[in-house]
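Based on these hints, arrange chain B on the given structure of chain A.
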Amino acid sequence: MRQRSLIAITAALAAGALTLTACGSRDSGGDKGSDSGKGGGTTVTIGIDAPLTGDLSALGLGIKNSVDLAVNTANKQNLVKGVTFKMVAKDDQAQPSSGQQNASAFVSDSSVLGVVGPLNSSVAQSMQKVFDDAKLVEVSPANTNPALTQGTDWQKTKSRPYKSYFRTATTDAIQGPFAAQYVFNKAKKTKVFVIDDKKTYGAGLAATFTSEFTKLGGKVVGTEHINPDTKDFSAVATKVKNSGAEVVYYGGEYPQAGPLSKQIKAAGANIPLIGGDGVYDPTYIKLAGSSATGDLATSVGAPVETLASAKEFVANYKAGGYKEDYAAYGGYSYDSAWAIIEAVKKVVDDNGGKLPSDARAKVTAAVQNVSFDGVTGKVSFDEYGDATNKQLTVYSVTGGAWKAVESGTYAGG
Amino acid sequence: MNELPQQLVNGLLLGSMYGLVAIGYTMVYGIVQLINFAHGEIFMTGAFGALTVYAYILPDGTSMWVALPLMLIGAIVVAVTVAVGAERFAYRPLRTAPRLAPLITAIGLSLALQQAVWAWYPEAKSARTFPTIPGGPFTIGNVTIQTGDIFLVVAAPLSMAFLAYFVMRTRTGRGMQATAQDPDTAKLMGVNTDRIIVIAFALGAAFAAVGGVAYGLKYGQIDFKMGFLLGLKAFTAAVLGGIGNIYGAMLGGLVLGVAEALSTAYIADIPGMDKFGSQSWADVWAFILLILVLLFRPQGLLGERVADRA
Numbered sequence: 027m028r029q030r031s032l033i034a035i036t037a038a039l040a041a042g043a044l045t046l047t048a049c050g051s052r053d054s055g056g057d058k059g060s061d062s063g064k065g066g067g068t069t070v071t072i073g074i075d076a077p078l079t080g081d082l083s084a085l086g087l088g089i090k091n092s093v094d095l096a097v098n099t100a101n102k103q104n105l106v107k108g109v110t111f112k113m114v115a116k117d118d119q120a121q122p123s124s125g126q127q128n129a130s131a132f133v134s135d136s137s138v139l140g141v142v143g144p145l146n147s148s149v150a151q152s153m154q155k156v157f158d159d160a161k162l163v164e165v166s167p168a169n170t171n172p173a174l175t176q177g178t179d180w181q182k183t184k185s186r187p188y189k190s191y192f193r194t195a196t197t198d199a200i201q202g203p204f205a206a207q208y209v210f211n212k213a214k215k216t217k218v219f220v221i222d223d224k225k226t227y228g229a230g231l232a233a234t235f236t237s238e239f240t241k242l243g244g245k246v247v248g249t250e251h252i253n254p255d256t257k258d259f260s261a262v263a264t265k266v267k268n269s270g271a272e273v274v275y276y277g278g279e280y281p282q283a284g285p286l287s288k289q290i291k292a293a294g295a296n297i298p299l300i301g302g303d304g305v306y307d308p309t310y311i312k313l314a315g316s317s318a319t320g321d322l323a324t325s326v327g328a329p330v331e332t333l334a335s336a337k338e339f340v341a342n343y344k345a346g347g348y349k350e351d352y353a354a355y356g357g358y359s360y361d362s363a364w365a366i367i368e369a370v371k372k373v374v375d376d377n378g379g380k381l382p383s384d385a386r387a388k389v390t391a392a393v394q395n396v397s398f399d400g401v402t403g404k405v406s407f408d409e410y411g412d413a414t415n416k417q418l419t420v421y422s423v424t425g426g427a428w429k430a431v432e433s434g435t436y437a438g439g
Numbered sequence: 522m523n524e525l526p527q528q529l530v531n532g533l534l535l536g537s538m539y540g541l542v543a544i545g546y547t548m549v550y551g552i553v554q555l556i557n558f559a560h561g562e563i564f565m566t567g568a569f570g571a572l573t574v575y576a577y578i579l580p581d582g583t584s585m586w587v588a589l590p591l592m593l594i595g596a597i598v599v600a601v602t603v604a605v606g607a608e609r610f611a612y613r614p615l616r617t618a619p620r621l622a623p624l625i626t627a628i629g630l631s632l633a634l635q636q637a638v639w640a641w642y643p644e645a646k647s648a649r650t651f652p653t654i655p656g657g658p659f660t661i662g663n664v665t666i667q668t669g670d671i672f673l674v675v676a677a678p679l680s681m682a683f684l685a686y687f688v689m690r691t692r693t694g695r696g697m698q699a700t701a702q703d704p705d706t707a708k709l710m711g712v713n714t715d716r717i718i719v720i721a722f723a724l725g726a727a728f729a730a731v732g733g734v735a736y737g738l739k740y741g742q743i744d745f746k747m748g749f750l751l752g753l754k755a756f757t758a759a760v761l762g763g764i765g766n767i768y769g770a771m772l773g774g775l776v777l778g779v780a781e782a783l784s785t786a787y788i789a790d791i792p793g794m795d796k797f798g799s800q801s802w803a804d805v806w807a808f809i810l811l812i813l814v815l816l817f818r819p820q821g822l823l824g825e826r827v828a829d830r831a
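Protein sequences, first through last, are from chains A and B.
Going by the working numbering, the first sequence opens with residue 27, and the numbers climb by one from there.
Going by the working numbering, the second sequence opens with residue 522, and the numbers climb by one from there.
Hints were generated in silico from the structure; no laboratory data involved.
Keep in mind that a hint or two might mislead.
Unchecked claim - Within a straight-line C-alpha distance of at most 27 Å, the following computed DSSO-like cross-link-like pairs (lysine-lysine) qualify: (1) A:LYS217 x A:LYS429; (2) A:LYS224 x A:LYS312; (3) A:LYS380 x A:LYS112; (4) B:LYS796 x A:LYS217; (5) A:LYS189 x A:LYS429; (6) A:LYS349 x B:LYS708; (7) B:LYS796 x A:LYS182; (8) A:LYS349 x B:LYS646; (9) A:LYS245 x A:LYS214; (10) A:LYS212 x A:LYS241; (11) A:LYS312 x B:LYS746; (12) A:LYS416 x A:LYS214; (13) A:LYS312 x B:LYS646; (14) B:LYS796 x A:LYS224; (15) B:LYS746 x A:LYS224; (16) A:LYS112 x B:LYS646; (17) A:LYS184 x A:LYS155; (18) A:LYS344 x B:LYS646; (19) A:LYS245 x B:LYS796; (20) A:LYS344 x A:LYS189; (21) A:LYS241 x B:LYS796; (22) A:LYS224 x B:LYS646.
Values in this document were obtained by computation on a predicted structure and should not be read as measured data.
This is chain B alone, in the form it adopts within the complex:
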């Protein structure tokens, strides 16, 4: 069982990435009750934004310590632009429409963004390599952490702390809470709900962009399809944690990631289960976990704290 600490770390790292993307799903749902299915693609465009900065703007051979903050800014600028644009042109016109309409729009937008990157980004028809952080892996006890993962180790808690501060302590954050609770009353109290909604989209996109950069650094490659499966997982994480709850999104992500890692590592050791334990079954176990949580705790692990309208 000396494998356990490493597998937990594997799961937590994967889960942090799910969590970063899940925040965007959860915030937008908490405020406008919309499941933004294009959010996975916002994550993807963020990663391509970072690559653009590295490959086409910075001179060759720029040190990663200089490049990384700039790549992060590039990722956030691209992702936020896409998300705010989507909100303005795809979702806002449909805000009073039946809920199915923006959902279908979201799916359409998801495809459109994928195809746009596929068609127009240079050499994006197959995977593109992403720069990596130099330096060897770090070993603590018998746990190894890759340099590419260090970014995630630092960025995920920092992002969460920032978000907690923003939502709990700032005026805008409290405006978000108010809008989530009751948009009409919030409006009467002088909250600019349109602005709040745009901020929710932008903030979610910024986190997705951080996740996108983390993905690139972790796996050393990005592609136009990367947002689909990851977006689906992040959505699952959001539902698992209690959609609408931002801490729930992070927790759901971590639980999902750990479940995947542990199911790959240990299910096969259970007698009679050796056929269901490989990595190709990890997704199945993740979704079984989701179903179980929803059966016994339909509001998700932490329930809805931000949104209480559904």
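The shape of chain A in the complex, shown without the other chains:
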């Protein structure tokens, strides 16, 4: 009897774990159907895929609201005659499986001519092929993993895997080394402890940081990989403290980075944590607590508030009455949506004021050649689909908020 009950326990454990994991990836986007061809005008849908719930929802909702603002602005200006833009947002909960389901749903809706998103590089990996097969353009405001545009062998030979994928954010191939140069040259720290969460984004960032940091002459005194599902990093924090590191580099996102920073400081290591754009969010400061002062993060582009082109965006966002902040990717999301809108305009104009039958392929081709002054500066894409704007900024936590410390473009390795 005892053995049987143990088997039951084990089976239940497995069943429970599987059930809960599967349920974590349920699709909660309920929008479907299209209104294209209604009356005289045409409705073009811009899809959004981002984590709208869960740990990363602060970033995801910022993306959604910013795209909404772009769509409303285009409609208000009547930018494309005869076309009304509409947005449909789907929640990927930062899960690749949900992202792929959402991608399939967007593909099957013929009114969707472009998708903004996703937030996570790992989610993008699962979506790229679905979109590419349908020739539906995808513009991510936030993915920074180099492999997405330059292929998995990007360090040796660059080759673009999917022609329908673009991004307005710059890549970790630039972001990691940019942080390394700042830490070594400006902050004068030579001993680093590198931690990542083993995800596509985090591990990639940690690797590019490490290679540039050691090239400059810095020393990696320890490495760790954490499990993003847990909140207990005390064992790691103790290792960091005893390693004699002067700074911690974390490749990952703020839900883990915040508690990690807090626990490292609590363990008695009074050293700053530096991360990438996945850390650059107000929620990080909330989670890391008062000891976060002095922590650093790099993020793509110049600070949105300081660009003249962005003033209008910030003002309009405020006037839009959105409940949530536009967060780290607001400007990039607006520009991503605008790139699609510009492409639709070009396609419609070229076709005598009507949408052609192969609109998706034409829009994808048109996005490749867009060029306009966006919120984050000049927006255009290179032969890999990457943003040509390679500006980056280092931010530091000062007085409970992120303050820009230094902005610049990455000067080669």
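Relative to chain A, chain B alone:
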């Protein structure tokens, strides 16, 4: 190796939390042979109960010394209400059903509770900050203990002492032992088994609530998903210690916590093992430990003392 004392303390603190939650699994299993998979969520609702007291009932700026006992009461009230409600409406109707039925109900309840907090608790869609105990960390030798952990250091042994007293010395406690041993005979001897079962659920929930408050104080944040992984770990701790045995639950928790801390700290130093030593492997080592214990000592570390029926 001067890191060792600190890593042991890290592990023991984490383990105490596992242990507090594991008690609920073990007691309910010991008495009704049910693995209450929703127990992790009872832990979670307890933490939210404490947050509710702090954020919505007490005036702003209440001293933690005043707030903490009230938060603890809030946590226990919420967790016990949820657990007793679950027992009454989800498990009792199925008490004579095949054992798989209440197990599936438990998994469903676990999801329902998570989604309920997600959907209805204000701003619970991402992590919510939890108040912390003011004051700096304490250093003893080269071991640092955080103020947030002090609660755990005090609460875990106190809870255990209370439980030992309750089970061994009170009438109700002896009734629990009797019910665990043989419910039918216990009933014939005049033990109100329905009442005993409710008490087992309530007591387990109260401990989970203490664990929930400890979690909030330790990490400074709580979220609707926090019960899942922790519940799974606590369940593992209960099995490790010998499911049905309340001391085993605490011991299993401590062993699990220490195993996680030490595997993170030292496995990478073993030649050839550097790929398997990071914190992301801690769970793997914890489960390997569980498998080893079950292989060589299937009844768990302390065996079943309370329940002897399975």
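A quick look at each hint next to the structure:
Restraint check for LYS217 (chain A) and LYS429 (chain A): the C-alpha separation of about 24 Å stays at or below 27 Å, so the hint holds. Proximity of LYS224 (chain A) to LYS312 (chain A) is assessed by CA-CA distance (about 24 Å); at most 27 Å being required, the pair is judged to hold. Between LYS380 (chain A) and LYS112 (chain A) the alpha-carbon distance is near 17 Å, which keeps this suggested pair within the 27 Å criterion. Proposed proximity of LYS796 (chain B) and LYS217 (chain A) is supported: the alpha carbons are some 22 Å apart, at most 27 Å.
Taking the CA atoms of LYS189 (chain A) and LYS429 (chain A), the gap is about 36 Å. The hint is violated against a cut of 27 Å. For a cut-off of 27 Å, the pair hint linking LYS349 (chain A) to LYS708 (chain B) is broken: about 58 Å separates their Cα positions. Restraint check for LYS796 (chain B) and LYS182 (chain A): the C-alpha separation of about 25 Å stays at or below 27 Å, so the hint holds. Restraint check for LYS349 (chain A) and LYS646 (chain B): satisfied, since their Cα atoms lie roughly 14 Å apart, inside the 27 Å limit.
In summary, the hint linking LYS245 (chain A) to LYS214 (chain A) is supported, as the alpha carbons are separated by about 12 Å, within the 27 Å threshold. Taken as a hint, the LYS212 (chain A) and LYS241 (chain A) pair is honoured in the structure, with Cα atoms around 16 Å apart against an allowance of 27 Å. About 18 Å separates the Cα atoms of LYS312 (chain A) and LYS746 (chain B), which keeps this hinted pair within 27 Å; it holds. Taken as a hint, the LYS416 (chain A) and LYS214 (chain A) pair is honoured in the structure, with Cα atoms around 24 Å apart against an allowance of 27 Å.
This hinted pair checks out: LYS312 (chain A) and LYS646 (chain B) have alpha carbons roughly 15 Å apart, not beyond 27 Å. For a cut-off of 27 Å, the pair hint linking LYS796 (chain B) to LYS224 (chain A) stands: about 12 Å separates their Cα positions. Between the alpha carbons of LYS746 (chain B) and LYS224 (chain A) the distance comes to roughly 21 Å, so the proposed pair stays at or under 27 Å and holds. A threshold of 27 Å between alpha carbons decides the hint, and for LYS112 (chain A) with LYS646 (chain B) the separation of about 26 Å falls inside it, so the pair holds.
Between LYS184 (chain A) and LYS155 (chain A) the alpha-carbon distance is near 18 Å, which keeps this suggested pair within the 27 Å criterion. Taking the CA atoms of LYS344 (chain A) and LYS646 (chain B), the gap is about 23 Å. The hint holds against a cut of 27 Å. A hinted pair counts as satisfied when its Cα atoms are at most 27 Å apart, and LYS245 (chain A) with LYS796 (chain B) qualifies at roughly 20 Å. The straight-line distance between the Cα atoms of LYS344 (chain A) and LYS189 (chain A) is roughly 35 Å, outside the 27 Å bound, and the hint therefore fails.
Our distance criterion of 27 Å between C-alpha atoms is met by LYS241 (chain A) and LYS796 (chain B), whose separation comes to about 23 Å. With a CA separation close to 24 Å, the supplied pair LYS224 (chain A) and LYS646 (chain B) stays within the 27 Å bound.
Hint compliance for this structure: hints 5, 6 and 20 are not met, and every other hint is.
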